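S.K.: Going down the list, the sequences are from chains D and R. The C-terminal residue of the first sequence carries number 374 in this note's numbering, and the numbering is unbroken. The C-terminal residue of the second sequence carries number 1024 in this note's numbering, and the numbering is unbroken.
These are calculated hints, taken from the structure and not from any lab test. One or more hints might be untrue.
[Claimed, not checked] Listed below are the simulated EDC-like cross-link pairs for lysine to aspartate or glutamate, each with C-alpha atoms no more than 16 Å apart in a straight line:
#1 R:Lys-822 with D:Asp-283
#2 R:Lys-822 with D:Glu-40
#3 R:Lys-867 with D:Asp-283
#4 D:Lys-273 with D:Asp-290
Note that the structure is a prediction, hence the values are computed from the model and not measured.
The lines below spell out each chain.
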Amino acid sequence: MEDFSAKFVSQKISKTRWRPVPAAALQPPELFATGSWDNEENKISVWSVGDFGSLGPNGEYQGEPQLLCDIRHHGDVMDMQFFDQERIVAASSTGSVTIFRHHQNNQTLSVNQRWERAHYHVDPDTPFYGGASCTGVICNNPEIVTVGEDGRINLFRADHREAVRTIENADSSTLHAVTFLRTTEILTVNSIGQLKIWDFRQQRNEPSQIFSLTGDRIPLHCVDRHPNQQHIVATGGQDGMLSIWDVRQGSMPVSLLNAHEAEMWEVHFHPSKPDHLFTCSEDGSLWHWDTSSDVSEKPSFFHQGGRSTTLLSHTANQSVISAWLSNNPTKDRMEITNLVPNQTLSVNSLDVLGPCLVCGTDAEAIYVNRHLLA
Amino acid sequence: MEELDVEPPLTLIPGVDSKSKQMCFAWAPGEMLVYETLFPKECAEKRPGCPNIFIVRKDKDVYSQTLRKLFSESHGIFVGLQRSEEELGGKSRKAQLVRVSKNYRSVIRACMEEMHQLAISTRDPELQCQHSTQVCILSAMELIWNLCEILFVEVAPAGHLLLHLLDWVRLHVCDVDSMVCEVLSSENPSKHKDFWNAVDIFVLQGRMDDARHLLSKEASANPTSMGMCKILDDLMKKMPILSIGNTQTLTEMELKWQHWHEECQRYLQDGTFSSNLHMESICKILLGDENAILEKKELMTTWYHFLVTRLVYSHPTVKPVELRFYAQSSLDLFLGGESSSEPLDSILMAAFEFEIHQVIKECSIALSNWWFVAHLTDLLDHCKLLQSHNLYFGSNMREFLLLEYASGLFSHHSLWQLGVDYFDHCPEYGKVYLELHIERIPLNTEQKALKVLRICEQRQMHEQVRSICKIMAMKAVRNNRLGSALSWSIRAKDAAFATLISDRFLKDYCERGSFSDLDLIDNLGPSMLLSDRLTFLGKYREFHRLYGEKRFSEAAKLLLMLMTAHIAPCSFWMTLLTDALPLLEQKEVIFSAEQTYELMRCLEDLTAGKTDNQKLQVDDVETTKVEILRLALARNLARAIVKEGTLEGS
């Protein structure tokens, strides 16, 4: 890929996230944050793209990402999310969850709030207390939900010292990732291949629904929900398999797609063009799944009597509206491309926003592509 | 044991009183632990000494932030080289190898740039010194690599060889540009004190056009010498050079050059330049007069610059094999016996002499890190230049160096992942080294363990897979995460551990009367078959579920099957029979006569196993239980016989 520039940063990158752009703004994102892992001193760093560097042949800026600021982070950065334009939430392998604030005026990062023992093994009152890694975090201002190796789910609110709600022993195995299904419902995936829906409105500490894979209980590592159609969920597993689920029906995935050769670490639907899906994996590849096809190729009843597609969504067969839910998505001309130029070590994380993609690898490199869906 | 090439350096440990106490040490991969012992030397008294343990590392480069980029980027180039196709024939293969070499060099240069920026911007003098030293070392490395690329990878023939060497010198030696800028930007360039230095250095580096440009300034400023300038300019213009795209043969070039040389000679002898010393010396340089060139020692700064200049003006069509003689004599002439040669000099000399092994050996001694020699040797090996020079301890040189380098990487908390790929490409000992090293990586989080596991699985290292899964599963069990423990045993297909976990669940059930972690047990799926105990657990839970759903006959069948098919462990039979009680006491008959007989047999098997002594010691609860069971079974049998008899009748 011509536009994929690499930058070596002397730290293994575990998470990369674009800073969200204000809804009305039309410009692409300019700032991203990264978290490192496996260092004696891990860091959260904020980088900038776009203002620096020389003009390319077509007049676009082609600069390398520039480091703006960084701050020390205790333990590996296991997961990271932008809480709002200025705050970043980070989940640590020591079991703590921290909110960092990025000060734009003097380009520094500082710790805003920290929950030290969000995740731990065994009761902290007994002598054998050990931190458990916090493996996933998701925010929906002002709420933050975290999950960890201790099988616990925490619901925090920024500026509240204690957790608003904690579901103890939510799972007997490790919870790997969490995402919001609706404002009061979350989805979690665990290491025995189950997808669970939790409803915070209910008082009991049990999931409202459990979905499992057929066959072997391969651990699931990542989960993401379709931005517009909230019943479509994608998960990635330890064997590199991409599963698409419909949470309104059934307890098994709708389709299973053989994707990578090793663990799939992250799966993301493109937030504004959800026909595009991105996955990255331990085998060093980053795949772009493109199910969008020309309008002329779609079946004829799209053109009947000038109906708009929004009307059809209530009446027509779902498999036409969303290619993801059809039984064999690959049949409908799904294009899959590998975006990483030379594969060596694992691609641990990716994020897409607008036309920009950023990913970080274990080869200590960050790749940025600013002309993704050209 | 071989003789040592150099004296081993002495490192003093601060805080340890080496005069009066002894030191103790322990080896670690890549490091050493040292501490002061209580035992005094000779007659010094025992008194408490230094309480610290010291870690001594030979290779501190691995921990430098900037050098880390060198390691990660070159790892990508290394892996790319190993995977590249061997089938490409002659020229394209050579071009590919040259490209790889240039990649390595650009990585070194980028690192050098960054280190230089750091050196300029830092305020701490010690750090600045460190960074500057590092810059020097990196620049020396690039110098050596570049020369090796010209001589060994590119294998330039006579004619082109000199052009490459000229480029090499221009790139690496002396700071010409800043001086020239200064001269040109002054008001009267030809009167500047460095003017003639600038012209000289251009001539010494064979940059004729630049020299002529400067000379024209002199001509315009000083009309009296215009005549001489014109002649000199003419000579410079006419100097024959072999350019890369040129098609003239070597002999043609030699002829032309001879002609030109004679012309210069004539002008010198005619005394054309006798009025201007500078121009006369330039003419002498053009003629390749060694003394004239040697006079400009300070400008050239190094003996290899002198060598190349000499060759440009006396033997432009030098062949690679002839280099060694010129190199040796240049070194001697340049140093003139005053200073001894540095390590860099002997390395370059070995390169000019085409002694590849000597080059590698000297570099290994001079540099503190294996990075340089490992990658250079690997590249030269791909150029098929290293004969299988077997070292007396087994592997060949390339493999030895790669193993050493990769072992160094493994002692780093983070760079171990790069080391894996290096071991992969060491055919003889790589696998063994990898097996030993990978077991020693600390597994702090599950994600790290998963990555290490994936590495082991991809290389069929089953022992290590099992061992890692056991470690993680044991940790999980200790933290009471039974689901995690189960998922680790499934990954390792470890039946014994799965049995252990199931026993834990069953124990919990017996103590509490209910199952914990129902989400796990209810959804075991095919992994249930991993171990018998696990299967029992799954089926037992299913029995409870069926009972809860009031599907009594199915529950009964399942319960019986658990006992008769010996899926249930003997210790659990009592519990199962007790579970059967409510089914026996139901209003409708659930167990058939056949089934009741089976149950009775099970009960008898269970009680028969105990000796008389035990029967006496068994507490009342046990005996009561057995009695109730017997009663219930008898009653059920009666009802069942009646029911079955009746049914068959109608």
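S.K.: Hint by hint, say whether it matches the structure.
M.R.: Against the structure, the hints:
no. : hint                     : in the structure
1   : R:Lys-822 with D:Asp-283 : holds (15 Å)
2   : R:Lys-822 with D:Glu-40  : holds (14 Å)
3   : R:Lys-867 with D:Asp-283 : violated (23 Å)
4   : D:Lys-273 with D:Asp-290 : holds (10 Å)
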